[in-house]
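Input sequences plus hints: build the corresponding full structure.
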Amino acid sequence: MRRFTDLSERELLALAISNEEEDGRILADFAHALRENYPDTAHVFADMAAEEQAHRRELIDLFVQRFGDHIPLVRRDDIRGFLPRASPWQVQRRGMDAMRRHARQMELDAARFYRQAAARTTDAAIRRLLGDLAAAEDAHEQAAGRIELNRLPASAREAEDEEARRRFALQVVQPGLVGLMDGSVSTLAPVFAAAVATHDPWNAFLVGIAASVGAGISMGFAEALSDDGRLSGRGAPLLRGLICGLMTAAGGIGHTLPFLLRSYGEAMGLAIAVVAAELALITWIRWRYQDTPPLAAATQIAVGGGLVFAAGLLIGSA
Numbered sequence: 109m110r111r112f113t114d115l116s117e118r119e120l121l122a123l124a125i126s127n128e129e130e131d132g133r134i135l136a137d138f139a140h141a142l143r144e145n146y147p148d149t150a151h152v153f154a155d156m157a158a159e160e161q162a163h164r165r166e167l168i169d170l171f172v173q174r175f176g177d178h179i180p181l182v183r184r185d186d187i188r189g190f191l192p193r194a195s196p197w198q199v200q201r202r203g204m205d206a207m208r209r210h211a212r213q214m215e216l217d218a219a220r221f222y223r224q225a226a227a228r229t230t231d232a233a234i235r236r237l238l239g240d241l242a243a244a245e246d247a248h249e250q251a252a253g254r255i256e257l258n259r260l261p262a263s264a265r266e267a268e269d270e271e272a273r274r275r276f277a278l279q280v281v282q283p284g285l286v287g288l289m290d291g292s293v294s295t296l297a298p299v300f301a302a303a304v305a306t307h308d309p310w311n312a313f314l315v316g317i318a319a320s321v322g323a324g325i326s327m328g329f330a331e332a333l334s335d336d337g338r339l340s341g342r343g344a345p346l347l348r349g350l351i352c353g354l355m356t357a358a359g360g361i362g363h364t365l366p367f368l369l370r371s372y373g374e375a376m377g378l379a380i381a382v383v384a385a386e387l388a389l390i391t392w393i394r395w396r397y398q399d400t401p402p403l404a405a406a407t408q409i410a411v412g413g414g415l416v417f418a419a420g421l422l423i424g425s426a
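Residues in the sequence shown are numbered from 109 upward in steps of one, following this note's numbering.
Be aware that one or more of the hints could be misleading.
[As the list claims (entries may be wrong)] Taking CB as the label site, the calculated pair distances span: (1) G322 x V280: 43 to 49 Å; (2) R183 x P402: 50 to 56 Å; (3) D185 x A404: 51 to 57 Å; (4) I325 x R202: 56 to 62 Å; (5) R201 x V172: 36 to 42 Å; (6) L389 x A162: 50 to 56 Å; (7) L365 x S326: 18 to 24 Å; (8) E119 x A385: 58 to 64 Å; (9) V172 x R202: 34 to 40 Å; (10) I325 x R133: 38 to 44 Å; (11) A385 x D217: 40 to 46 Å; (12) P402 x I325: 57 to 63 Å; (13) F175 x A227: 21 to 27 Å; (14) L365 x R183: 46 to 52 Å.
Quick caveat, the hints were computed from the structure, so don't treat them as lab data. In this text, a Cβ means the ideal position worked out from N, Cα and C, and glycines have one as well.
Take a look at the structure:
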């Protein structure tokens with residue numbers, strides 16, 4: 109890899125062109141990904157991409173005027189010191205706010221790139237060129253702020269943020285909660301029945317692991333096959349099934365792990381404490397994401413969990 113300080117004026121300008129082109133395509137990708145569900149933010153990214161393309165054309169005109177028609181390929185990945193950027197699809201998976209932060213960081217990185225380059229040269233012409241580029245990036249950052257203010261007023265941003273939270277609750281929290289509830293409650297009976305019947309923590313552990321894995325596989329398939337998510341807006345069935353299956357298994361394994369202890373009494377006490385923590389977590393999730401009153405959520409979960417727990421104890425004692 110080459111050092112940034114070894115680049116010539118011609119190469120610096122070629123690198124600037126390459127950077128502007130890449131940044132413009134990233135912003136255009138963000139706009140395309142958001143245009144269906146978040147049109148206001150998509151318009152912001154589309155306008156910012158247009159600004160990047162305008163800067164790219166200005167840089168190309170300047171390059172042709174100074175150095176001719178051939179622009180060498182110089183990319184930031186070829187220069188030592190540039191931090192690697194996440195791919196656009198990786199940022200998109202983290203949601204709309206992550207894309208906003210990534211776009212702002214791109215602008216800050218570009219401005220810093222030109223300032224550092226200008227500070228390293230003593231040639232008046234090169235310094236003037238790089239200073240103009242730094243000023244252009246500063247103006248771009250300010251323009252981006254004006255674009256966002258015009259395209260995305262507070263009311264529109266709040267509406268899109270609320271829609272993003274709703275989608276997260278529907279596509280991630282809901283299948284995860286269904287799985288956690290099923291895994292935490294349905295496995296209580298076999299685990300504690302085995303523990304009480306045998307007084308052997310290892311037997312209870314094996315039963316719990318088997319019940320948790322089996323329930324996770326069953327719930328994962330059931331969730332994935334329930335609907336394709338197109339009409340319900342619940343998202344990709346494969347992802348929902350994976351989330352539901354993993355949370356189901358986790359809910360059962362949580363109160364199964366204490367039975368790795370050799371002491372039956374200690375294992376039972378710790379397992380009961382874990383069950384209480386799981387039910388409290390389910391209550392909090394229902395209150396936080398499903399607007400269920402805390403007392404009502406706690407009562408419903410406690411009654412259901414208590415009945416299953418009691419059934420396990422009675423069956424194990426029979």
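Does the Cβ pair F175, A227 satisfy 21 to 27 Å?
Holds, at about 22 Å.
In this structure, is the beta-carbon distance linking G322 and V280 contained in 43 to 49 Å?
Given range 43 to 49 Å: violated, Cβ gap about 24 Å.
If I claimed the Cβ atoms of P402 and I325 lie 57 to 63 Å apart, would that claim hold in this structure?
Violated - the Cβ-Cβ distance for P402 and I325, about 33 Å, lies outside 57 to 63 Å.
Is 18 to 24 Å respected by the C-beta to C-beta distance linking L365 and S326?
holds (21 Å)
Between V172 and R202, does the C-beta distance stay in 34 to 40 Å?
holds (39 Å)
Using the beta carbons of R183 and P402, state whether their distance is inside 50 to 56 Å or not.
At roughly 54 Å between Cβ atoms, P402 and R183 fall inside 50 to 56 Å, so the hint holds.
If you check the beta carbons of A385 and D217, does the distance land in 40 to 46 Å?
holds (43 Å)
When you take the CB atoms of E119 and A385, is the distance between them in 58 to 64 Å?
holds (59 Å)
A range of 46 to 52 Å was offered for this pair. Does it hold for the Cβ distance of L365 and R183?
holds (49 Å)
Does the beta carbon distance between R201 and V172 stay inside 36 to 42 Å, or does it fall outside?
The hint (36 to 42 Å, Cβ to Cβ) holds, given that R201 and V172 are roughly 39 Å apart.
Determine whether the Cβ-Cβ distance between I325 and R133 falls within the hinted range of 38 to 44 Å.
Given a distance of about 41 Å, which is inside 38 to 44 Å, the answer is holds.
Cβ-Cβ distance between D185 and A404: within 51 to 57 Å?
holds (55 Å)
When the structure is compared with the earlier hints, violations turn up for hints 1, 4 and 12 and for no others.
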